[in-house]
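Trainee: This is what each chain is made of:
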Amino acid sequence: MGQGAIFRIAGLGKSFGPNEVLRGVTLELRAGEVTVLMGANGAGKSTLVKIVSGVYRAQRGEMFLGEAPFAPASPAEAMRAGVVTVHQNINDGVVAALDVATNLVLDRLSGGGRGIFFNPRRIRREAREVARRMGLGIDLMADVTGLSLADRQMVAIARAMAHEPKVMILDEPTSSLSSSEADRLFALVERLRERGVAILYISHRMSDIRRIADRIVSLRDGRIVGVFEEKPLDYEGAVNAMLGQNLGAGGIESREATAPVFTADGLRIAEGARPFSLSLGIGEVVAITGLVGVGKTRLAETLFGVHPPLAGAMRIDGRPYAPSSPAAAIRRGVFLVAKDRARTGIVPDFNIYENISLPFLPHFSHLGVASRRAERAAARARIADLKIVCRSERDDLATLSGGNQQKVTVARWLSQPSRMLILDEPFQGVDIAARHDIAAKLRESAGQRATLLFLTELDEALETADRILVMSEHTIVGEHRNRNLDMDRLLADVAGRGLQGAA
Amino acid sequence: MDSDMAGKATARVEEGQGARPRLSPRELAIRYGFLALLAGLIVFFSLATRGFASPQAAVFILQSVSITGILALGVTATLVVGGFDLSIGAIATSAMMAAAYVMVVLEQNALVAVLACLAIGALVGLINGLIICYMRVPDLLATLGMMFLLIGLQRIPTEGRSIAAGMTLPDGSTAGGAFSPAFLALGRHRFDFFIENLVPASVVVLVVLAVLIWFFLEYTRFGRMMYAVGSNAQAAAFAGAPVRAYRIWAYVISGVFSAIGGILLAARLGRGDIASGNNLLLDAVAAALIGFAVLGAAKPNAFGTAIGALFVGVLLQGLTMMNVPYYTQDFVKGAVLVIALVFTFALLGRNGR
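These protein sequence lines are chains V and X, in that order.
Position 225 (the first sequence) corresponds to 225 in the numbering used here; numbering is contiguous.
Position in the second sequence counted from 1, then plus 1000, gives you the numbering used here.
For the record, the hints were derived by calculation from the structure and aren't laboratory data.
A portion of the hints provided could be inaccurate.
To be verified - To list a few chain X residues with every Cβ distance to chain V over 10 Å, as calculated:
1) A1048
2) R1155
3) Q1234
4) G1240
As the list claims (entries may be wrong) - Pair ranges (Cβ atoms, derived):
5) V:R380 with X:S1054: 48 to 58 Å
6) V:R380 with X:P1025: 22 to 32 Å
7) V:E271 with X:V1338: 33 to 43 Å
Stated by the list, open to error - Some chain V residues judged to face chain X by a derived CB distance under 8 Å, without partners named:
8) A338
9) P359
10) A370
11) A374
12) A377
Beta carbons: idealized from backbone N, C-alpha and C, even for Gly.
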């Protein structure tokens, strides 16, 4: 028994039908410490979180809060006992129709022992108290609809803190935040740590983990496979334990581009942004990196015909290219694996092969009648190609893990030859093994097209691209060949210094 | 002919079982529960009443559900693209009044009347689609508004009176036209099918439209794209689908199908009856929603809609033959709908929907 363990999990097991998700997880959390839980997609992280937060019940094992057994029957019960969870989906944590003050004290409003009448002044007084304790600099009268994602998350966390929790679980809290927003979150986590809260922090992002972890626990196949708490923390060891294998650093052979496939001149994608030019060669994999909010997605969608450019001309294979819609872009052989697959990628009611063939149904159709047999054959080839883990090509997308869903969306756009394949954050919410599979496939198949990746994480760009371009303030500010590249200069470009120098 | 359609769909399911041989009892119940219930009802009524198991009774059931069935197939198209059409009943009665007006007052022939009705259905559907796609009015509200508008509009030309041959017009004169025999045949002619004068024209129309829309939704790429639009419009757009066009087409299909239902209604009644068609909307929507539960689809589908309509028809006919009073019919329909919806959303909420 470790010193000061405030929350203990012993031998927790959970199965869904024949599928054993947790196979005896034992873990303890200590007051005033941030324990980072790492695990690949499908390792059982979400299930563990749901058991601790009272959504699921464990089939085996026990939990203790302090010395008392802890077996919440509902999220509300877990919260009352002092175990609070902030879920990944930020909008689940706030009620958009209400103002910030009401959101902050929402749980108290619905709790028992209150009068029937709603006293706005008292609400605001209590909310002010909560906001002050948490150092929340948000207008309490503002409507939640007007807040940024980060502010909404701050509100959700601040409300959770109103319960004086002993344990707080943060499930991938930075997954939809920009880096400055993430900074504010980390400041808040520091505050929680100082207040003696035991924090379980679940994340994929190495930069977050390096910044915040006091100890790291690796979860694989429903078991804890490594606990790392000696300083300095062994990050690589934790990643290797989580993957169960040693993925090499993955230095790549940077290729020189030959003839250009795509060129853009004087392209301007936002008011007041500096115009830029872009040229992508055949067989080349180019990554565009930059902080969140510098216009990467805007550029990706402009190239795909979602938005028209404000100025500038584009050409593909020397012929003018001005797509008026995604359909027009697809006809010219420009494909986009869009960011945020749940919103713009997958069709949840469709199975794997229907998702893969979606944009190319005319290829599989005679006189408008689609041949499912041909679609399925094509999908089976893609499944083998990208090592998609599934029972068959007729599995529903909902049964796949996040990494495999992403593989399906990538497989869709690899299933037909393209002139330019654009991928916007293709590794978001994808575990490292799936990321390697996807990156390897992209490089292997890159021969006859230009491949353009939009990546916020520099590591991902270094792992996959021949050439790295840096964006800042809706324009391209730097170019680096991925061979003996100058990290300092690259980082300076990312920080926007290149732009100031040039202006 | 209806069994032909069922046969095709079953063949598809069996093919589907090839790769997944073992179905748990629960999955079996979800997939075949509703069809088993329908078969059970038919067996029960056949044993419990005299004459239920005759071809004439079967045809009577089909005839009783033909108009609501056609409307339900139309509304299925809008459900597929994630919309809803509340104006179908009003489109049908407007088409009925228009057919009567064209023949009785304007003294035109049957073909003109039919074309006028189809044009009205397509136009109203187009307007619904445009309002929903370009004015961003939510589908329920837009079609609710259209419903009220049409209910009012269809009364204006005759100052609120029903239309029949020899009626007095607002200006005091007598209408010179009449329902043409060709038009009335749509409602009254019976085709020979093993037995002489067995199958009414309306049943033939229902079966043809059911097969058409079923084939369109299940087997053509356009149908598939409509399902994609309904499931995730943004993803469909990023896959190159013209989302608005598909949505608008769905409302046009719904409008045209409703107009066909209205034509059959006019032909059956032989007059433009201002008071008829009150139940069309609710019955059609109920059939389409019951269809969610058929074969465990959990989504709008043409085969399910047809079975849903048939289910209601069988139940009502059987109960009538067992001398259950007519005024319990709406209660029975409502109960079936609620049970089917519970079946769909609670039992097969496998995707957390």
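Trainee: Output the indices of the hints that this structure fails to meet, ascending.
Mentor: Going through the list in order, the structure violates hints 3, 4, 7, 11, 12 and respects the others.
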